[in-house]
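Construct all of the structure, not just a fragment, from the sequences and the given hints.
Chains as they are written, first to last, in the UniProt record's numbering: chain A, 1 to 67; chain B, 1 to 974.
If you're looking for bench data, these hints aren't it; they were derived computationally from the structure.
For glycine and all other residues, C-beta sits at the position ideal for the given N, C-alpha and C.
Be a bit skeptical, because a hint or two may be false.
Here are the computed distance ranges between Cβ atoms for each label pair [stated by the list, open to error]:
{"hint": "1", "chain 1": "B", "residue 1": "Ala227", "chain 2": "A", "residue 2": "Ala4", "range": "49 to 55 Å"}
{"hint": "2", "chain 1": "B", "residue 1": "His765", "chain 2": "A", "residue 2": "Leu67", "range": "28 to 34 Å"}
{"hint": "3", "chain 1": "A", "residue 1": "Leu67", "chain 2": "B", "residue 2": "Gly472", "range": "50 to 56 Å"}
{"hint": "4", "chain 1": "B", "residue 1": "Val811", "chain 2": "A", "residue 2": "Thr19", "range": "30 to 36 Å"}
{"hint": "5", "chain 1": "A", "residue 1": "Leu67", "chain 2": "B", "residue 2": "Ala828", "range": "40 to 46 Å"}
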Amino acid sequence: MTDAKMVLMANQIAAFFATQPGGDQAAGVAAHLKDFWEPRMLTQLKAYLGKGGEGLNDLVIEAGKTL
Amino acid sequence: MKDFIIPWENGTGIQDDIDRGTPAKSGKPVTLTIDGVEVTVPEGTSVMRAASELGIQVPKLCASDNLEAFGSCRLCAVEIEGRRGTPASCTTPVHKGMKVHTQTDKLRKLRKGVMELYISDHPLDCLTCAANGDCELQDMAGAVGLRDVRYEAPKNAPLANHFEARNTSGEVNAEWLPKDDSNPYFTYDPSKCIVCNRCVRACEEVQGTFALTIEGRGFDSRVAVGAENFLASDCVSCGACVQACPTATLQEKSVIEMGTPDRSVVTTCAYCGVGCSFKAEMQGDQLVRMVPYKHGKANRGHSCVKGRFAYGYATHKDRILSPMVRDSVDQPWREVSWDEALSFAAKKLVGLREKYGQKSIGVITSSRCTNEETFLVQKLTRAVFGNNNTDTCARVCHSPTGYGLGQTFGTSAGTQDFDSVEKSDVVVVIGANPTDGHPVFASRLRKRLREGAKLIVVDPRRIDLLETPHLGEAHHLPLKPGTNVAVVSALAHVIVSEGLYDQTFIAERCDLDAWEDYKSFISDERHAPEATEALTGVPAATLREAARAYAQGGNGAIYYGLGVTEHSQGSTTVMAIANLAMMTGNIGREGVGVNPLRGQNNVQGSCDMGSFPHELPGYRHVKLPEVRKIFEDTWGVEIDPEPGLRIPNMLDAAVDGTFKGLYCQGEDILQSDPDTKHVAAGLAAMECVIVHDLFLNETANYAHVFLPGSSFLEKEGTFTNAERRINRVRKVMAPKNGYEDWQVTQMLANAVLKETGGKPWSYTHPAEVMAEIAATTPSFAGVDYALLEEKGSVQWPCNEAQPEGTPLMHVDGFVRGKGRFIVTEYIATDERSGPRFPLLLTTGRILSQYNVGAQTRRTENSVWHDQDVLEIHPHDAENRGLRDGDWVRLASRSGETSLRAKITDRVSPGVVYTTFHHPDTQANVITTDYSDWATNCPEYKVTAVQVSPSNGPSEWQKDYAAQAEQSRRIEAAE
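See below:
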């Protein structure tokens, strides 16, 4: 998948959890990614984060630390 | 009709199939005496039905137990002690202590006289009549002992009958009308009509279309369709009138051609998620007709044009019956033996796995195949390939339902049975078009609407449900595509801000912390309908009225379809709908609930069976070791604990070069999935695509192995419909390709296991697969074929706690414990109209065609819809200089196609609509790769487009057609 598509998908997930009450939005993003993203997708995300994660929502960047 | 045991089946599923004359009632018990025998029946029951319960069939012509009593034929007259005259038994309700006589000299004489009058205006051509042996008029003539007809037309006078075209002098009979054979599936022969009114009443009471009427009076009375002929009329060809007709007046063309059937077997329709039960009426192994089965608990004896008539695809010449292989997709297909095809496929798959890794291959299960077949396909990838790369077409339709209802209620399924709608007072239909997509449910809903239930439709189009005859209060919320969450949240805002919520239900049944969070969120003025009006296009006053009607109108039921799920916020809308139902206490009893209308016959079942890459059967995540252990112990293999690829991810990974092999059973992803060019690129990048299907579908253009499939008439198994009902599918003929689909999957598994080592599969019947499902999946623990034979069907959960299944969910508490309100903020999709693409395209289906059309396009149904057309508002058409029927170019950022325009104000300005039934249109070349945030369900329902005049098919369409033709070549046999 292109990085642009991956960024879009990850940010969509973050956009949902950002609206949820409580203080564990990044944990929600991380849990969702772990539950639904296949390992090679997570690998691509982690690699992208490693390169700076341009365009990724802050919650995804935060969630990425626990992946 | 005779029922006998056929070699491959233990039973036909037929239960008591007698027509008892009038509908069953449910009042207090009443005891009466009929012909000297006591009988106790519910209050309100007719004397005719009470007699039938005793085994006494009172002669009748105008009565049928799926219609209210009419009392016109006078044949069912009886005598009742203490009453004068001879009342009609169909219209006379039972009373305590009543003494009825059904056979007396007086009645015999009366009935004979009645029959004599009927027969005096009926042709006596019984031996050559299509209804010979299946004619109630014939039966009744026999039952009353009619031996003579004394009435004759006077000599030298006009013919006083309807059945002779000319008199003996060759003069034309003005009363005679020719047969109408305009409908592709049945004929209307006025010369045989006895004007019993059953067809008219069936069209009104059962189907709810009101296409038929009786025009004229007395001798001039005739059934009329209000148009030139049946095809040109409002008739939707559901077949209810044909089924109701006691003579050959309305007759299936298949019976006219083949003769009457000699046996019947109960099975389940393979079209939509309603899951209608049918009797497949047979001569040997030839299907004569499909007749809706009155004990079918989903359809209660009704049908639509697809299930009733559109089965011709099963014997269509396009079916591929021999396995085929080729090394590359530019080569022609080569017919080979099953052994060679399976060995070819297995070697390729094993080779790919060795070269590219364990996760480089996967499967797509079919929502059209049986539960047992689906279970085996996901088992193939989990137990044989060693990964979780399994997905199903539910990905592209109802995956957000699974996520959304799972999060809020705790289980991924509709809450009600279809009978529930009979108790609804307010029905909300969101993003669904039941009269076209789920026609039999629509008929049941329309019946309730005629009885006074209110209707709320949330849809960009003015759907036919809003045109229901005798509809009472109705609200249409014509929202802009993509604004579902804003509209449903605005409904919730009104309910909360006006204090219309059910505090008691919430306090007892829901998580109160989550409710307080939600209440605070939804109370904000940004959700008020006045604030969202500019965004959604729904007038605030209309929305407020609808919210009040739902919250205060009694039992409120929500039915929704793909107009909810196929959005970037599909899962959020499902959760918003669940919130609405919880806050109004509309959960856990008859008449209420949240009901996803499933698109295909076994969407529910394919999801239940573990088709999704993150879940094992029964919706249990693969990360859970205790769940994996159940299957590891049963299958003797280790199960991958990490989720696999979803369909869009498989295609992305294929383009990236890490996903190389696919076994695709009964789905045509190239036509049905969004962004056709991307799908084609993904398929083209794979080294082994195995298509298992009835036809060389569009996906097969990119396949290396073709395994012929079997139709639903050729296999044993079960389908699970939208109400969680597990219905039997029974084999009525041998598979034309040689094997049932579950056998093909087993052979493929064993061919792979032969290469890799491992214990071969050895199922001998789908009942054994169901036993494995029951042993591993708690919600199916009590399901077996013996129970299905006994009960006809059961709704899961079916287990020790609910041994006969569960018609209503969440009755005493939610499956997850407390119902959970979830905050549902509206987030606009990135797909927006703008200067280049100023219109929004939304897609759907119509009544006569089904999904990608692979089945219905190969039937006479195409007479109603032979091409996809683009609906466009007159204002938008005028701005573009378009006339009705013009070719137009439809373009998005993904691609373009051409089709003809249909100018209609059914769509709002700024919105265009089309269907995706025809591959030469390929509507999905237009749709984009945007998808639901939680599930990747594609955003089919919102695509920014431009429409402009065109001269005909686009270059892309021409290239596609040429490529498809090239890839379908089959090498001549040596």
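Starting from the hint 50 to 56 Å, judge whether the C-beta atoms of Leu67 of chain A and Gly472 of chain B obey it.
-> Distance hint for Leu67 of chain A, Gly472 of chain B holds at roughly 55 Å.
Would you say the C-beta atoms of His765 of chain B and Leu67 of chain A sit inside 28 to 34 Å of each other?
-> violated, 45 Å
Check the following: the C-beta atoms of Val811 of chain B and Thr19 of chain A are separated by a distance inside 30 to 36 Å.
-> holds, 32 Å
Given a hinted range of 40 to 46 Å, is it respected by the beta-carbon distance of Leu67 of chain A and Ala828 of chain B?
-> Violated, since Leu67 of chain A and Ala828 of chain B (Cβ atoms, about 28 Å apart) do not stay within the stated range.
Using the beta carbons of Ala227 of chain B and Ala4 of chain A, state whether their distance is inside 49 to 55 Å or not.
-> holds, 54 Å
The earlier numbered hints that this structure contradicts are 2 and 5.
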